[in-house]
Amino acid sequence: MAFKRDKKEEEDGGGNIFLNLEKTSVLQEARTFNETPVNPRKCTIILSKILYLINQGEQLGTTEATETFFAMTKLFQSRDVILRRMVYLGIKELSSLAEDVIIVTSSLTKDMTGKEDLYRAAAIRALCSITDGSMLQAIERYMKQAIVDRNAAVSSAALVSSLHMTRIAGDVVKRWVNEAQEALISDNVMVQYHALGVLYHIRKSDRLAVTKLVTKLTRSPLKSPFAVCLLIRIVCKLLEEEGDVALSESPLFDFVEKCLRHKSETVIYEAAHAVVNLRRTTPRELAPAVSVLQLFCSSPKPALRFAAVRTLNKVAMSHPAAVTACNLDLENLISDSNRSIATLAITTLLKTGAESSVDRLMKQISTFVSEISDEFKVVVVQAIRALCLKFPRKHGVLMNFLSAMLRDEGGLEYKASIADTIISIIEENPDAKETGLAHLCEFIEDCEHTSLAVRILHLLGKEGPRTKQPSRYIRFIYNRVILESAVVRCAAVAAMAQFGASCPDLLPNILVLLARCQMDCDDETRDRATFYYHILSGDQPQFIYHYIVDHLQVSIPSLERALTQYVANPTPEQFDISTVPVSAPEPTNVPEKGHGTVDIANPVAVQPETPAKAAESYAVKLASIPELAPLPGSLFRSSDPVQLTESETEYVVKCIKHCFSDHLILQFNILNTLSDTLLESIGVTLEEPEGYEILKEVACPKLSCGETGSVYVLLKFPEDLSLSVSTFGATLKFVVKDCDPTTGEPDTDEGYHDTYMLEDLDVLLSDQVVRVMKGNWGAAWEQAEGESFFELEDTYVLTSVTSLEQAIQNIVVFLGMQPAERTDRLPQGKSAHTLLLAGMFRGGHDVLVRAKLALAEGVTMQITVRAPSQEIAELITSALG
Amino acid sequence: MGLLDKLSSLFRLKKREVKVLVVGLNNSGKSTVLNHLKSDDDKITVEPTVGLNVEKFKHNNVGFTALDMSGQVRYREVWEHYYSDCEGIIFVIDSSDRLRLAVVQEELELLLQHPDTVGKRLPILFFANKMDARDALSSVKIASALNLHRIINKPWHICASNAVKGEGLDEGIEWLTQQICENIRKE
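Read top to bottom, the protein sequences are chains A and B. Heads up, the first sequence is in the UniProt record's numbering, so the first residue is 1 and it goes up one at a time. Heads up, the second sequence is in the UniProt record's numbering, so the first residue is 1 and it goes up one at a time.
These are computed hints drawn from the structure, not numbers from a lab. Even glycine gets a Cβ: it sits at the ideal position worked out from N, Cα and C. Honestly, I wouldn't trust all of these hints.
Stated by the list, open to error - SDA-like, lysine to any residue: derived pairs with alpha carbons at most 20 angstroms apart: (1) B:56 to A:80; (2) B:43 to A:117; (3) A:696 to A:727; (4) A:42 to B:17; (5) A:115 to B:44.
What the hints assert, rightly or not - Computed spacing ranges between beta-carbons, pair by pair: (6) A:750 to B:134: 54 to 64 angstroms; (7) B:118 to A:177: 47 to 57 angstroms; (8) B:154 to A:22: 36 to 46 angstroms; (9) B:27 to A:219: 46 to 56 angstroms; (10) B:106 to A:560: 58 to 68 angstroms; (11) B:38 to A:117: 15 to 25 angstroms; (12) B:167 to A:206: 51 to 61 angstroms; (13) A:624 to B:118: 50 to 60 angstroms.
This is chain B alone, in the form it adopts within the complex (with noise of 0.2 angstroms):
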């Protein structure tokens, strides 16, 4: 790659905007998340979300709009209005809550068979949140327990975080734009 190549896509990088959607089960962390993410001057006091927040942040010279939704019962199926859009997806996932792993796993199948991701090379990007709690479960058993590995169409990465800390967050994201980033160069 020349000189040249590389200023070029650094430029188009930098005015790159992704538009991400951050989905998953109520009480998993997605609001705090990106409460972390963001720059200080923006942070709020979190609680839980009605219907969807947007947010933006920043990584690398690329500018997020994440559509943080709602993780109550009732707002679940506002989901798919928005997945058509999106460029990525954050699967934020409660690794202490072993009870509702079930739950987790049939809203992720809801979301794959969507007819609005299921062609797409839409890179998923998981987090197995809370893994400071005393019975968490490790990334590895969430993936397997969640049967990631039959996800072939789609690039997809599972990270241990603690959104409070902001432990993992960075590694995640980084992913994420990568993956989006080669999206885009390919298109």
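Just chain A, with the same shape it has in the complex (with noise of 0.2 angstroms):
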């Protein structure tokens, strides 16, 4: 090994020098910065790697940042003019790192407005970069003429440093809007196109400005191509901000739509790009913008073939119809040499072309499939599960690709990304269920990533037993005990516990191999088989149910959080796992048709925060109030915000509402948006309906303009339960100041008490319920009427909804509970459906609801409900009347 790399180092001349470089003796070598007279050769070579060091993640310490950068300024009196310049390189580099970097700042004006062009625009940049706050009201003369510079380059980094100082002195740099302008009508594309940004940036929180400054644009042509995109982005952003006017109707539309006809490729691309991007874009619009994309793919340079395709891809998902008419075009391009376009051809045409033509499709994708790269492998793989959903009926040909994709060389990315496919897959069509199973069956047979073979066993022990023949999967599920790491077993155990639960006939053959297991040499392994082991052979069915075949519930930080706790305060009582949240399982965004697939753009699109988390910060935060300590037990449950106001208002005010066990914390957070008052001692007033008991208030101190602030309210929940849902009436009362609107100092000591009307706020059913998630709602049910819980049954008609589906969702939210078993989405042409609810209420109370749906003259629904108590279960059905 070490004489091929040897070899190879031959061959590159040399060997590069700045391999196996080391921090300390680089900064050794640095000294030579002292010596007098300044040798330029070797200091501009030794400051090569001390930016190579930190570019490669060396973390320099401050006295060591701080010492080289003094080294470095000596530097400054060598007149080599490429030394001078990795000297500007080294000052950026170092001056977040380096103590007192300030000192520089008369050498770089010296050479910011010096007579050497090849100084100042550096010099800008390093300027700008060891500059704080304070500093830059002395340079701003100094940066204000480079603006208008006549030299293009020192204007271009005049104008992009503005644009970072923004960021620390935005109200220094809002002062050059004069400069700025100037700037906008030079000849240079490149100051044109910065200059734009600064002014943009400027006056972005300004609508009318930004309004003003885009009319005057779009009436007089820009030279640059780089500004006239930019303009299109605001354009843009604008035309978004507008509401629900028509398109087309618009002045600033008209704009990018002529862009569509610019000399230049990049503003055309742009505005192309642009038009298929807007939210309300309709297919009138969308097709001069297809038609020039069209003409994109047909060209001869490679980056406008790939961009045109690239976009068609993501217009395909939300206007398919539209890129139908590219269709001609895309097929020349499967034969495309560049990889990455070919496939995003084929796949373009996956989700616009008809279900006979698939099988070509796939049988040409997988002709070069093993030579594009993993990241456009799971492109295809996308595409491919969005035909599944699309064409359930194709679903033998893909699975079989997808199989076979399976067993070729890829990443984890790629992997996991074809069994989430496979997954989805059998979710959705319950024909390919077996098929799919048995496709991951033996992608576990060899499959070198254990969080997807644990996944997969999970899967298999959760549908496994539902099949027609669990028997074939125990095979599998066993060799991976004989087989793979302690992981891998643990999961297989599991996995083989489950079969054991639900299927009595297999009962006896799991335990054998149960009981080999517990010969394994890993304790965790041993474990689970001895606790399964002795569940499954002890004959106690509910036991079974809880431990088995329920799992747990609650929310995994929360229980992090109480163990942790319980750890540092030992006491003499049980840890009473009942205490801990119970955490609502995750809303399952299954894709809906025709958007199933991400777009390669932004891959992993931005994840809201999960329930679970929110649930604990919320928790963390309300515990950190001393005047609402202690809390009256662990938080339930904390609904949504939930606006008492119009958005626009003077005060915006929403309200979380969180729920304990008996006591109910509602939190009104408040912004005051007027800029020349300051609000103090701001509370909320409550008609407090019958029942409900006002036990504390925590009023918020102060607010000035901008701020939010938050004021508490703890209840206690009424005994009687059906007076528990029931609505507050709620003012917001405070002392108004007037005050400065720059300063935010009030002018006067006395202020005046004022109130303001907030909307009603209702606590709802769905405040109270956590929804949870059941594997198994039959065995659940069943188990429920073992367990003495009460049962009501009830019929209502629902008048106001149409379908079965509008029913299905209402009676979801009413009852703010999860339904089990898929059955929330409807079989097609069905006119009557099961509804099947699971949820828990505050105090932990387990609660399963059944809802018969009919559809006839609106909905028939007849309502089971089983809740451990006879208030909860009338609560319940009450909810929807």
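Fit chain to chain and form the complex, with the hints in mind.
In structure tokens:
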């Protein structure tokens, strides 16, 4: 190996001097900077080494950095141009690490205003990186001059630096607006582009000013294509904010459309991209943009082809019909020598094409799927997933293709996306279940990714027992116990236990296998095997149900916190798991048909915070408020914020309802939007309805403009459950003081009392119920019957809804419960449906609901509730009435 | 001294580059002094220095690289970073600023006691600047006020100057050049 590398180095010609650099020795070398006279060649190389180290992620300590920085300042005495420019780079890199970097200000201002053009732009950039808000005033004059400098590089550097400076001293940069205006009429493409960027940034919080700027610029054409591209983006932002006016009527949209006929390809593409991505685009506006992209598809430039096909690929999700016109061009691109273009072309065709062409396209992909990178393979997989949703009948072909892909080489992300796709196909399409599971079984026979193997084993444990022939999966699972690592063995043992619990005829065999697993060398595997063996052989059906079929439902972060607390403060009592809040299952965001693929531009879409995490952060926040301590038990559920005012009023108030087992905390988040007032001692007056009792109020002491503060009210739920669903009238009360809008200082010490009416606040049933995921709803239902639950049945006619889907949606929202066994999805063309729901009422009471729906005039619903107490059952049945 | 020696020393002097540090309180006239010493086409309008500036000028075939340090309070601690590699120090004093002579003395004391200067025979040139001001102290008075006579291990010289007009500067620089050249010859 060493020999090989030597040989390679010889070929490279002398090897890389930056290889194997060591920080301490390089910093030692930096002492050369102190020598007189300066040796520019040597110092340049040393500086390069320092920059290389920093860019490689080497950490410099403050002392080290400062020392190097000071040594570097001595290099200003050299007049070597290359060395000086390296020094600028060095200053920029070290500016955030070293202390006293400000001392080079004078040297840099001298270079920036000097005669040597090569120095000026770089000096500006370095200067802005060392300047802080207080020093900016001192160099303001030079910056203004530089922005309007005749030299394009200098002007650009000054503009971009100003953009960076807005972060630390936005107010100062705002004063440079006139200079930026002047730079905007420059002939240089970059200067114009950067000037527009600065101008927009300065004005972007002022909608009117932006509109003015845009109207002016759309009339007088800009020379720079880059500036036009930026302008298009700004225009799009304005269009999105415009509201529901038809695009074709907006003068701004005319501009974008005109840009489709611009002479620069960059601008044309930007305009097409913009049109396609506007939320309100209709097919009429889309047509010219798509035809432009279609032209690009046959361009000799690969970059243009790639851009076009990538955009078309995205459009195909939202407007498949519009892209169909390009099918012929896309067909030609399938054989493109650039594999990325070919992949995107095929996946686009898959989205737009008819069912009949699927087979042909799949064959074509398989010819080169091994040649493309993982990233694009994932795109292909996503396309197949969308296809499966669109043409469920094609699942055979697609599934075979996927399993072939599973057998190929590939990274974890690629394999995971295939497994995800197969799993989602299984969930969507019951016909595909058996084949899908079989493919997955085969996959785990030879799977190097532990996390995937564990996931698939878990899925087998969940789905396997409910197939026609559960026994065939056991062999695959047990093989894992023999062959795999400890983590996988654990998962396999757990999966087997599921079979044992759900298939009585397999139980004896499972027991034999579990008994063998008790010999395992891994502690965890052995423990699990022993645990499951004893439960399964114990002949106690309720244990089997509670400990194997029904899984843990508490929220994991809360459990962790509760356990740490328990360990930190040992008490003689046992840890009670029922005090840990239950976590709602994450909303199943199975994508709609046609939107099924993640676009490749941002494959990892920003995931909203999971409910469990949000609840946990609320719990921590509430616990940190001294006035509320001690909290009445652990937080059960926090609702989403409810708006209690219009969004554009003087005070914006939102309310979050935190539900505890017997108490309710209302958190009012208040935002003061008036720039000339200061609010003090803010509180909320509630008209408490019957049964509720206000225990405590925590007011917010002070709110200046733009600030958000919180007011808390602690209430006790009524004894009588039927009163707990109720409505509060709420009024904001506070002391107003007028103040100076710029400084925020109050003009006088005396304020006056004022009140502000809020909208009524509803406490609903869904605020008191947490969604609970039941893996096996039927078993839980049976179990509830055995455990002396109350059962209540009622029949309603829902006149306001006209379809079953709507009814299902409404019921789920009203009750705030989790649909089980995918009964929230409606098979097509049915006129009757049974919805199964599970949830937990505050205080930790399990609630199960079965709603039989039938479509007649309106929707008729027979609802059956099983709950541990009569009161809860009544509350739930009445909630829908 | 033979002709040959003279020639060779001249020859060596020709190539000589020296580095000097220019220090002193703020508003004492450091940048103005240097501005006057520079060649004519390099002149700038003087304003308070932030951090430091590097200036170059020539005197009698010796190329000077002068580090013009900022005299503002917050940058004075930066001076010491540059003591180690200079061959002479120019200390500029505002002779009309009687009030801050005590501060000057303090800063001078710090300079003299710094480990990087204490053992070296660094020549120090004092400019009693702004001699044209009406209430200016004479160079002799400043020397005694600062107690300069106690400096025995370093050659020093004080001369009155007017940096705006350039009076007295050449005399001082002449002395400094001589001292530095002597130091170099001794090495």
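Okay, which hints does this one fail, numbers in order?
-> Failing hints: none at all.
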